[in-house]
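Colleague: Line by line, the protein sequences give chains A and B. FYI, in our numbering the residues of the first sequence are 1 to 257. FYI, in our numbering the residues of the second sequence are 1001 to 1409.
No lab work stands behind these hints: they were computed from the structure. Ideal placement from N, C-alpha and C gives every residue a C-beta, glycine not left out. Treat each hint with caution, since some may be false.
[Unchecked claim] Straight line, CA to CA, 27 Å or less: simulated DSS-like cross-link-like pairs of lysine-lysine:
(1) A/LYS70 to A/LYS82
(2) A/LYS118 to B/LYS1189
(3) B/LYS1296 to A/LYS82
(4) A/LYS78 to B/LYS1382
(5) A/LYS231 to A/LYS191
(6) A/LYS52 to B/LYS1296
[Stated by the list, open to error] A few chain A residues that don't get close to chain B, going by computed Cβ distances all over 10 Å:
(7) GLY13
(8) HIS75
(9) ASN97
(10) GLN102
(11) HIS111
(12) LEU114
(13) SER120
(14) GLN124
(15) GLN196
(16) PHE211
(17) GLU230
(18) ARG241
[Unchecked claim] If you want a taste of the chain B side facing chain A, the calculated C-beta under 10 Å gives, among others:
(19) ALA1205
(20) THR1210
(21) THR1395
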Amino acid sequence: MNAPPTPTLALRGVSKHFGSVEALQEVDLEVRDGEVMALVGDNGAGKSTLIKCVAGIYSIDGGEILFQGKPVAIHGPKDAAKLGIEVVYQDLALCDNLDVVQNMYLGREEHDALFRLKESAMEQKTAETLASLSVTTISSVRQPVATLSGGQRQSVAVARAVMWNNRVVFLDEPTAALGVAQTRQVLALVKRLAEQGLAVVYVSHNLVDIFEVANRITVLRLGRNVGVYEKDKTTQQEIVRAITAGAAAPEEVEAVT
Amino acid sequence: MSSAAPVEVAAAGEDTSLGAILRARWEALRAGEVGSLPVIFGLIAITIFFTSKVGIFFSAVNFSNLIQQMAGVTVIAIGVVFVLLIGEIDLSIGYVSGVAGVVVAELQMPGSSHDYPGLVAIFVALGVGAAIGAFQGSFIAFLGVPSFVVTLAGLLAWQGVILKALGSQGVIGIQDHQINDIANYVLTKNWGWAIAIIFTVGYAAAVFGTILSRRRAGLRSGNIILSVARVAFYGALAFAAVAVCNHSRGVPLVGLIVLFLVVLGAYVAGRTTFGRHVYAVGGNAEAAHRAGINVKLIKILVFSISGAMAAMGGIIFASRLNSVDLTAGGSTILLDAISAAVIGGVSLFGGRGRVSGALFGGLIIGMIANGIDLVGYTDAVKFITTGVILLAAVTLDTVARRRQAASGR
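In isolation and in its complexed conformation, chain B is listed as follows (with noise of 0.2 Å):
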């Protein structure tokens, strides 16, 4: 408990100078809040690393593939991230997936009864991927059984359904090409170049409305000449992702609906009631529940948000590969998705987190696989580096929350 010498409201934290700023951020730092920091070190040491090993990792058409490589499990760690919000766990991700996958197949087989369009299919898919983290999440909700072993045995269920669904023949070709075109579609240049436009005067607009609606309301904006930065990387960023895009193929679409969906997972997590509400069950449930927060259906909204991301991952795997076979949602689906989320900087412990982490995460987790198959090692080495990445990534979190207890924070 430390007592802090008493600050009058108005007066403190007024110095919004960019060396006032950087201290403070070092001193958050030196008290455990290491930030995006990790991600980035370790986003620059893996190009390094396989640059130097195979000089086709850092090339224009290695980076499309890396986006489509890595859409799937990154759109899945979104979910992660809700759930690991609230301090709970779904170990049925992966197979859901695969179940989404074998729907998707199902509703487009030509010369059957249930042969319907592609984004018909898709969106049956997506509401049985939500429908099933409903039907999850109210087993922990209602009767308070741990998401733990609700989600073990839907680990369990939904992998024998897939088995029982495609049956003796194990496997299902897809033809739509509304389904396919979700991972393999490549936008023209010129989208391209639209869409980076588009990313950057959207990303402008909210800083900078951010920034007048508190100067309206007479608070402390921040320091200006820092948010224009911030704009101006991010924009520069989203230019040079597209640039390469562009010198290659194109941008790939699925890379546009992995960002549309970080995107909105941000903004319903950051910006709207219920994600306030989410983070607050994480943080104090109890709390939550007597400030009139209805807890019971934020878990079970927020399962089913999993669910269902779960869902569009494995409409985009089954799309990849233009089939669905007896392996989907299976081999590291899972692991990878709840790593991607933990090393991108989401507690185990709930309510710390940003559903930003679940692309960081994603881009880590995709480069080492990409970069591991480049350089012909095998799937043991892939394991073990995955492993110990994550190990490293829920160590920091633990030591990050005992230096912030042990400075009073």
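This is chain A alone, in the form it adopts within the complex (with noise of 0.2 Å):
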């Protein structure tokens, strides 16, 4: 693969801790556009951490975040939002009793200078994503969340996910509560993600998954990076030992200090 010289989202040396517990040391992690970037690790690795640091829950302790290339500031969601980061939560983060177009649009409602909400331009916009999205098992953009079941949930956090024109979506173990049809459905709007050029960093136990839709796996273990691995040049073995007993494989591109 002839890299693209700039990844649209890198962290270098990020770290955070909690108290006297490190939970992040000296991260490093890069996706490029187009790409689907694994970010793999056992219970406890700093997976979910390291995704709230980019998405502004927490702030870090150390090390930079490189947006383009460009070193920024994450205070808040609203400036991950800014930059065009989303983050689709392992819980999905859907309020149940608003429709889907109420999700959709949560914190982002369109509106003019009355604060009236334009509910038609949103609702022909949310039935345009999912469209996009070839996301057709969602028969009414107005019935609750509460209703949609666990793969119809996933599909609306996703599609909300890109409806903004984001740049990197993160995904947390969007498979995790599924079936096998309607994780065949996830599976296939994460690669249309891609497809459509955004940057996509997939977080996962499932390893049958990831060597499925990922171009490349960040290896975590207990707060410290393991190595990056290029899909098509390592196998399941290799990822698991890295992920139980953090052992350095030789396929590794980025060494740790």
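The two chains are supplied separately, each in an independent frame; assemble them into the complex guided by the hints.
Modeller: And the structure:
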């Protein structure tokens, strides 16, 4: 693969601690346009912490975040959204009492000068976005999210992430709670995101899923980088070893400090 | 987790014939979405019961009285709806309404150094109510103290403030006309008709404006016959209410104030970004926060709405009595207002319900109190009846939620 010069999003030596607990120690991560970068690691490896740092939920204690090569400061969810970084959380962060349109526009409602909601415009755009991602299982965009199945809810959460012309989308365990058919749907959706030119970071435990959608794989262990692997040049066994034992492999692209 | 059969986005739900809509309604009903049905049946049952006991219950004079009696609680219940929508509770509203009554009475006191025009006193009292709400709300939003405890403290403290302010004399008379007109002024008959016309035209404009905007965006706009029927129904209701009022004295100004505040509240909750964020905070505060909504600000604003509405209710009570005394804000005001919101279909679990529920709930509470007084039953009967109805309403809400969960909704 001829690597493009600048990653869309790059974390360099990012650290985060909670009191005396070092959740992240000088972690590196990068992802490019049109690429699916898998982020794997055992429980407590720091995956969720890393996501929350990028999303602006936590502030980082060390290192830097580069967006298209330029250092950026992310102090809150709005900063991340402004850069075009979107996170789809494991628990989806949907409001069950609101309908699909209302969830898609949550916190970013279109309104006029009097703060009146532009319902028609929002509904139209929602239907278009779902159609562009070939999400055909949702019968009405005006039904409450509480009435949707797990796969449909996941589709709404992912569609929300791409509707805003985002550049980078983080997906946290998107298939963890899904059945076989619904997992298929979501994996197809993830591939479509990358085909549309987005940079996708895909966090998962499921190596089968990862080897299906990812281009490269970053392994974290106990808050540190183990390495970055090209999917085509590695095996599931090697990744498992890296996750559990932290063994550095010969294909390693970036060494741990 | 129900896995619905795949349906095309565009093709689905295009059936907007009356039959299909009724079938969909019936399905929703079976799944536990009872909507406004219990309230409608309740209103009919209460009317039949009390009319059979005392004929005067179903008369023009009593209808006009009922509007004046229910106004205060209904206005306070509007604030309660907002608080319940974010999944919190405000127990201080009763005595906050009392504080507002005292403020209004103090600021119009003739012959004192603070003898201000009635409208000035009213706006100051509303401001005091909003400030109290914001003060209590900031403990809830910033420090995370449970709203139950913060507002329980408020309940005690503001009662103390009322006792302290009224002192040994224990009562302040209100002679200011502007204040007394709030609850007691009756509109001329022509003004009554004008309001019925304005209401109907405004409602029609809102309904057909929505349809037009959806058509323009190429979206399904529902069944046009049903929309026309809805406008005709509410228009007829408005004209009927005015006709009945005009048959006795005319439309009470306070009825118009209640209607205005309900419409304003419904607009804010249903059509603005702020309202959408209120529902989001009640549905999933964490999701709202992650979506960039300022959850703390929303909470504080909601509690100050609650305070301001309580103040408006207190002003109406003071105006109706032409005075405030040591009982201001006490009695069953707090429980009546919360009951009104809950009976009106607002969920105690947050995120579900409409502002118009305050009006329907207030109507039910008001009719029961009015009917029981007319029949001559004691307060004991009134309390027991209201308690039973409140329990029924909350049970209905809880069972509805369980059925929705069971049917995958």
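Colleague: The structure should be examined with respect to each hint, and the outcome stated for every one.
Modeller: Taking the hints in turn, this is what the structure says about them:
1. A/LYS70 to A/LYS82: holds (15 Å)
2. A/LYS118 to B/LYS1189: violated (38 Å)
3. B/LYS1296 to A/LYS82: holds (21 Å)
4. A/LYS78 to B/LYS1382: violated (52 Å)
5. A/LYS231 to A/LYS191: holds (15 Å)
6. A/LYS52 to B/LYS1296: holds (20 Å)
7. GLY13: Given a closest Cβ separation of 26 Å, the condition holds.
8. HIS75: The claim holds: A/HIS75 sits with its nearest Cβ about 12 Å from chain B, beyond 10 Å.
9. ASN97: violated (4 Å)
10. GLN102: Given a closest Cβ separation of 6 Å, the condition is violated.
11. HIS111: violated (5 Å)
12. LEU114: violated (8 Å)
13. SER120: Since the minimum Cβ distance to chain B is about 4 Å, A/SER120 lies within 10 Å and the statement is violated.
14. GLN124: It is violated; A/GLN124 is separated from chain B by about 5 Å at its closest Cβ, not greater than 10 Å.
15. GLN196: About 19 Å separates A/GLN196 from the closest Cβ of chain B, which puts it past 10 Å; holds.
16. PHE211: With a cut-off of 10 Å, A/PHE211 remains clear of chain B, as the shortest Cβ separation is near 26 Å.
17. GLU230: It holds; A/GLU230 is separated from chain B by about 33 Å at its closest Cβ, greater than 10 Å.
18. ARG241: Holds, since 35 Å exceeds 10 Å.
19. ALA1205: violated (14 Å)
20. THR1210: Status holds, d = 8 Å.
21. THR1395: violated (20 Å)
In this structure, the earlier hints numbered 2, 4, 9, 10, 11, 12, 13, 14, 19 and 21 are contradicted, and the remaining ones agree with it.
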